[in-house]
Amino acid sequence: MPDKEDIVNILNNNHLNSNFQNLARELDILEPKSPEDVYKTWLEPTPLRPSVLSENVDSARQNLAASFVNGFVNAGFGKDKLLTGDDGNRWIYRNKDHGMLSATAALGLLYLWDVDGGLTPIDKYLYSKDDQIKAGTLLALGIVNCRVHNECDPALALLADFVHDSNSVLRNGSVFGLGLAYIGTNRSDILSLLIPAIEEANTAECFSMACLAAGMVAVGTCSGEVSQAILTKLMDWRENDLLKSSHSLIAVLGLGICFMGRKDSIDASVETLEVFPEPFCSISKTILHMCAYAGTGDVLIIQEFLNNCGEKISIADPPPEPKIEKSKEKKKTKVEWDPTLAQALTVLGLGCVSMGDEVGSEMCHRVLGSVGRYGDPTVRRAVPLAVALNSASKPDLPIIDLLTKYSHDADDKVACNSIFALGIVGAGTNNARLAASLRQLAVYHSKNPSELFMVRLAQGLAHMGKGTMTLSPCHTDRQFIDYCALAGLLVPLVALLDPHALILGKSHYLLYALATAIQPRWLLTLDENLQPISVPVRVGQAVDIVGKAGTPKTIAGIHTHSTPVLLGAGERAELATNQYEQLSPVLDGVCILKKKSDETDSIM
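In my numbering, the protein residues as written are 1 to 604.
Quick caveat, the hints were computed from the structure, so don't treat them as lab data.
Since the model is a prediction, treat every value here as computed from it, not as a measurement.
No incorrect hints appear here.
With a straight-line Cα cutoff of 16 Å, these simulated EDC-like cross-link-like pairs (lysine to aspartate or glutamate) come out: (1) K233 x E200; (2) K596 x E528; (3) K596 x E581; (4) K81 x E36; (5) K506 x D97; (6) K594 x E574; (7) K263 x E304; (8) K79 x D37; (9) K594 x D3; (10) K595 x E528; (11) K263 x D298; (12) K594 x D527; (13) K244 x E278; (14) K413 x D376; (15) K595 x E581; (16) K553 x E571; (17) K96 x D130; (18) K129 x D97; (19) K233 x E199; (20) K96 x D131; (21) K81 x D37; (22) K79 x E31; (23) K4 x E528.
Please take these sequences and the hints and turn them into a complete structure.
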């Protein structure tokens with residue numbers, strides 16, 4: 001039998017990369033893919049194909065999209081056609097300014113979970129003279145260590161020196177990297193680095209990154225140190241225009257992540273937020289409630305959110321749409337919050353609270369349909385994001401059709417969010433219908449750089465890990481919610497409430513928060529000595545048997561496979577042999593099997 005140390009190594013994901021490589025070898029998908037293999041532009045309609053040449057008009061943005069696509073598609077494989085070859089430097093320099101940060105950080109996805117083999121090829125970029133490449137390297141080092149606990153703590157050793165760097169770009173890269181590397185650990189030595197970073201922050205972006213990283217490390221712990229540091233800094237900035245930046249949404253989300261799933265512990269923080277002016281007070285309290293009640297299906301909080309969605313807000317002041325006018329008048333423009341932003345967050349909150357429960361999710365989709373038809377423009381932008389949160393890596397046809405309809409909306413922000421939502425819904429599934437829809441959208445939006453950027457991102461997410469991964473935070477046969485994964489999903493979705501300011505601006509690196517939610521969607525079986533074994537299993541669509549008499553079948557549409565096997569959304573597996581018995585109640589992820597003493601070779 002394995003000793004305690006072996007079990008702890010499995011729980012710390014120390015063998016995750018080697019087991020994933022074995023799965024890739026078994027499925028014969030080790031050959032790296034290029035972004036063009038994902039776009040498949042040769043399948044687009046022939047009369048319209050020349051319009052794709054308009055991509056060259058905004059080539060910097062399309063190169064950035066290709067970097068993200070390349071990272072997501074080859075995530076965990078350690079090989080690609082852009083960055084790991086001899087032309088790696090050349091590809092990074094094809095991006096401009098802040099684009100180089102994300103292009104370099106994509107190396108972290110390529111070597112995901114490979115702490116031993118991934119640090120050396122990434123480390124060489126740490127000696128670059130360009131600050132953006134250096135910051136991307138720091139972020140990549142954090143991504144490699146994401147959800148893997150290593151005794152040597154390489155991420156801490158490499159990133160700690162830059163947390164208080166005078167250069168804000170390097171500081172943000174190291175702080176965000178630490179948050180990704182140590183998410184959910186609640187380690188006091190990491191927090192002792194990040195809390196001073198919150199207190200010293202002098203720009204909205206530095207403050208938001210420090211808050212987000214600290215919240216990720218302390219996810220779901222109600223850490224008094226983290227919450228007090230964030231709230232104190234927010235109070236200091238109460239009359240400051242920095243608080244009205246879109247980055248402060250991410251800062252408050254960091255506070256909310258700290259209280260993830262702890263609905264009984266937010267009263268003191270909610271009371272503190274009462275002193276802030278509207279609409280920031282409502283925005284902050286909504287984010288806090290959304291995180292605290294995530295996945296609970298609490299009917300009362302859903303009713304409260306629905307009540308807030310239905311209210312019509314009268315705007316006494318001039319409408320805040322022209323946030324940035326002409327470049328000459330930029331300094332004179334006063335930044336104001338959109339008063340309907342709190343309502344948009346309640347819509348996202350509906351998806352967050354009702355996720356994990358099939359009945360609640362179905363009712364949520366019906367409600368969101370009405371909100372999408374009759375809501376204010378800002379509120380409508382949140383509808384596709386809420387739908388995506390409820391159906392991450394679960395590409396049901398009605399959901400794909402609904403989001404495809406929204407992706408042709410006249411409001412470009414609704415269209416952008418809907419396209420990204422399609423990527424989240426189909427993440428890691430290689431869904432053929434979704435891939436065809438995205439190719440059509442690439443032609444439809446070929447002259448709109450922002451929408452085309454989102455289409456490319458969605459295509460990369462849909463083919464994530466070459467179809468072997470998932471972003472769903474639900475695990476153990478959808479009985480539990482992984483709050484670390486949910487926190488990573490919420491970051492880009494909250495940022496997309498104002499897409500042009502963050503994801504479509506200079507903060508596109510926030511998309512790498514999805515690394516916390518990436519997991520192989522496999523069933524891997526080990527024997528008592530923790531060696532991989534292949535056993536026959538029956539895989540089929542899960543059937544709800546609660547309240548049914550007798551011993552009804554728990555799966556339908558059965559197919560028999562030999563492990564390791566990929567499990568799709570809503571699928572369940574059962575052992576198809578009498579030789580072994582399972583030591584866990586559910587066959588999902590990595591499972592240890594014990595050979596029965598009365599060795600019977602019969603197949604059930």
